Structure formats: structure tokens, C-alpha cells
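Asker: Here are the chains, one letter per residue:
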Amino acid sequence: MYPENFRYTKEHEWVRVDGDTATMGITLHAQKELGDIVYVDLPKTGTAVEQGKTIGSVESVKAVSDIYSPVSGEVTAINETLATAPEKLNEDPHGEAWLVKIRLGAPEEIDSLLSAADYLSYIGE
Amino acid sequence: MSEIAGEPLKQTPLNAIHRALGAKMVDFGGWDMPVHYSGIIDEHNTVRNAVGIFDVSHMGEIEIRGPEALALIDFLTPNAASKLKDGQAQYSALLYEHGGFVDDILVHKVSAHHYFLCVNASNQDKDYAHIREHNTFQAEVEFASARYALLAVQGPHAPSVVRKLADVDLTPVRYYHFVDGSVGGVPARIARTGYTGELGFELYVAAEEAVRVWNAVLDAGAEFGIKPAGLGARNTLRLEAAMALYGHEITASLTPLEAGLERIVKFEKGNFLGRKALLEQHERGVHRLLTGFEMTGRGIGRDGYEIMIGGAPAGWVTSGGPSPTLGRNIGMCYLPVAHTRPGENIQVMIRNQPVEAVTRPMPFYKRAN
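If you read the protein sequences in the order shown, they are chains A and R. Taken in order, the first sequence gives residues 5 to 129; the numbers are from my numbering. Taken in order, the second sequence gives residues 345 to 713; the numbers are from my numbering.
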């Protein structure tokens, strides 16, 4: 359920690195905690982001939650389909419903993130 | 994603059941309550189209007895409690002398010398203290919350489900009326009330019988597609029906006249706590009024967000969110009276950005017939 090749944050984001680019999203656990997701607010392409800083928000029926960037760098792509189909975040949060792609500004930051095993034990699963 | 830490919370008699059903539990005013099971939207639609069951045992119950019971209630509430017949319920309030809300409540007349109040969970201690403080009438006031569990069975099939289990004929029980009988063999006060805008019953049963009644209702409702529903769906359902929630549409600093609840204020009945302040406000005219709105721009106006009109602060959102039934983002807000006609353009400040919205009539949803 939590791919081994992803890294995770304690704020419940995941990251997958391909070369100099990281793809990030929210975890299966996060979408379960949030419930029905109805709105996703993402940064614009080209935005400079910093590890641990807010880059957008996810809204469920009940509440708004901030999304924090797991790495520093520059946003190179956002998942446009979530604007019209936010429910995909409930259906496939680790795949089709990725949030943004970030060109890594400090690749060494990846080492500070949790492994799948560490994340699983962090969420108690 | 941000994390919220938990603290030791109060539990209803159905807590273990909610956990076994895999509910997502939240701290709701100090109570460990289910916010959703299958998902808020699914539960919401189940209540609109079939039937759902809610555990609302966190709600408070206060019994008022004795020859002076009516005199006490009539003084403490703005609605005409004296008009109630045995077996009838009334939406009302407890008010401060300045006209603001202590709480909104349901008054049930059991008999001439016995009234039964259902009050909000987070206000029950305050309500009890308020009633006692003004009980110069020598009525007997009992804080009975611990004795009761409350299950709400709501939705178009709710009457069919409850009828299967009840030992009394529910056909003559009209909206805002109740009957004492039994449900699934358990003594119950069966009230045709609810907080969803649908047909339904609220079942007051002994706390120790809650599990039995819950299971009986789920079994009886299986053929109608019943599902457990949590506080999340309860909130979206009541928002569409434009029913007030304490702490949002009504607070100690807002009056029934501002909240659009003139119908529960009966000046002609004589003196009651808050009457003088409300009468002054009525004669002067209210400045702000609870109003419906719908987002026309992209975004959801949520509780507490500021509202701007023409670039100037004008009011605030009291409750807001997506309406699963309408597929639009709706809400309630306080606005200056001059801007409360449906069709006014307003802006909701969402994370420091003004987003377009338009005022709308309430309720947003009304069930057919």
C-alpha cells in the first residue's frame, strides 16, 4: 500500500524522485483521515518552494488542511485534473492523483524523509 | 497535512460500536464522536434517499417536573410553551436577559406537570446551571443526560424502519410530536423530530439499552439500505436545511431576531427572560441578519471567514461547505440587513483572497411535500 520507492513526511505527504525531479502527493492514510475530498488548491508552475512550507491546501467536506512541500525547489508541473476531479485523491492518492512535480533544489533533503517502513510505524499501521 | 492531538474525551454508550464499524472519530465539544463511517457524501445521500441512523447521545436531557414546571419554562423560553399539548414538542431557546442565546433547545410536553428538554451537548452544564439559577418557581429540575441515549433515524424510509420495531401506532404522530412506547422491546420516547430536513424519528432510550436499539434499527433497516451516519453528514444535512447550530448561527452575542428565528419569539405571551431586550431590538430593527449564500467563484466559504461587500468588511460566514445534494458550495452568514435580499453580490475572503458569492434564500433544500 505504501510503495518502497517513495519517501514520506510526518505531515503525510509522499515523494518519488526521478532524476532531478520529485513528484509529490498526499498519502493513503491522509486521504482516509480527511474523508471525501472536494477541493484542491495547488501552487502555480514556476513557484519556488521550500521544504516544510505550505504550498497549497486540500479541502474535504469537513475541513481545510494545508499541504507542506516535502522538498525545496521549483514547481515544474501541477496535476490539473484535480481541479475538476478532486475525488481522485480519495481513489488513487499514490498514483493518478499526484499533486505537483518539483525540480529538486537540494537533493540531499530526500535523506531526511521517512522510508515506507518508518512511515508505517509512524502512523501505527 | 496538519495533525491534531487528542485528549481524554467523553464517550456515548455506542463508542465501541462506532470503532468496530471503522468510524473516523473526532473530538466534538469534548465528546469522542463518529464524524463518518463510509464517507460524509455517501452518508448524506443515504439519508436524503433512503435512511440513516445517527448516535446523538451526546445531546443533553433535562427533566422539569411539578406544578410550576410550565411557569419556569415559560419564563426561560421565548416560545409559547403554554400552547403545547401533551405529546407535542417545540423548537425554542434559553436566552440571557440581553436577548442572546444560552442555547437552542427542544421542549417536549410529557404531561401537565412534566416537561422534557433536549439541549446541546456542549451547553448542557451551562443550561442546567442557568435553569437552576432562575428556578424561583420551585419546579423540580433534573439533569438527566446520563440516563439517556439518543438515536436519530432519518430519511424517507425512516418511518417504515421505526414502524417495524415500535409497539405503538406512529401514523398519528405528526411532525414535532412524540409518543412514549417501545422500540425493539426497549422503552423509548419516539419523537418525530430531526436535524436533517428529512422525515425521521429521534429515539430517547435508556443509556444501557442503546446498543440493543441501535442493532435492532440497523437490522430492521437493512431492507431499506440503512447506513450509520456521522456528525459530518449531520452537519451537511442541517446546513442544506438551514438549521441553526449553536456556536455558529447562534451565540450569546446574537439574538433570535438576528438569526431569523422570530417564529420562536412570542412577545404577546407576556414576560420572559430576554423579552425587554428583544422588544427594543424589534422596535429599533435589527442591523444584521442571518442570510444564505452560494459561492459563484472557485472556493468554499467556511465558518469564520470574513465577508466583504464593495471592498469593505460586511459580515462573516457562520457555516459553509459543499452541498452534496445541490452540488454547489453553500453557507450561512451574517450581513447588514440592507444586503440580505437574495441575489446580492458578496465576496468571501478565502485565505486572504476575495472570492465571489451571491446571497440566496434559505433553506437550500426542502424535501418534496
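A couple of the hints might just be wrong.
[What the hints assert, rightly or not] Label-pair ranges, simulated between beta-carbon atoms: (1) R:Leu365 x A:Arg107: 41 to 47 Å; (2) A:Tyr126 x R:Asp371: 19 to 25 Å; (3) R:Arg607 x A:Thr80: 42 to 48 Å; (4) R:Gly655 x A:Glu8: 51 to 57 Å; (5) R:Ser526 x A:Ala121: 34 to 40 Å; (6) R:Ala566 x A:Lys36: 56 to 62 Å; (7) R:Ala490 x A:Gly128: 54 to 60 Å.
Calculated from the structure, these hints are not laboratory results. Bear in mind that the values here come from a model prediction, so they are computed numbers and not experimental data. We put the beta carbon where it would ideally sit given N, CA and C, even for glycine.
Asker: Take the hints in turn and mark each one as holding or not.
Answerer: Hint check results:
Checked against the hint of 41 to 47 Å, the pair Leu365 of chain R and Arg107 of chain A passes, with Cβ atoms roughly 45 Å apart. Roughly 21 Å separates the CB atoms of Tyr126 of chain A and Asp371 of chain R, a value that falls within the hinted 19 to 25 Å. Look at Arg607 of chain R against Thr80 of chain A: about 58 Å separates their beta carbons, and that is not inside 42 to 48 Å. Our hint of 51 to 57 Å for Gly655 of chain R and Glu8 of chain A holds, since their Cβ atoms are close to 53 Å apart.
A hinted range of 34 to 40 Å for the beta carbons of Ser526 of chain R and Ala121 of chain A is inconsistent with their spacing of about 54 Å. At about 26 Å, the CB distance of Ala566 of chain R to Lys36 of chain A disagrees with the hint of 56 to 62 Å. Restraint check, Ala490 of chain R to Gly128 of chain A: a C-beta distance of roughly 32 Å breaks the suggested window 54 to 60 Å.
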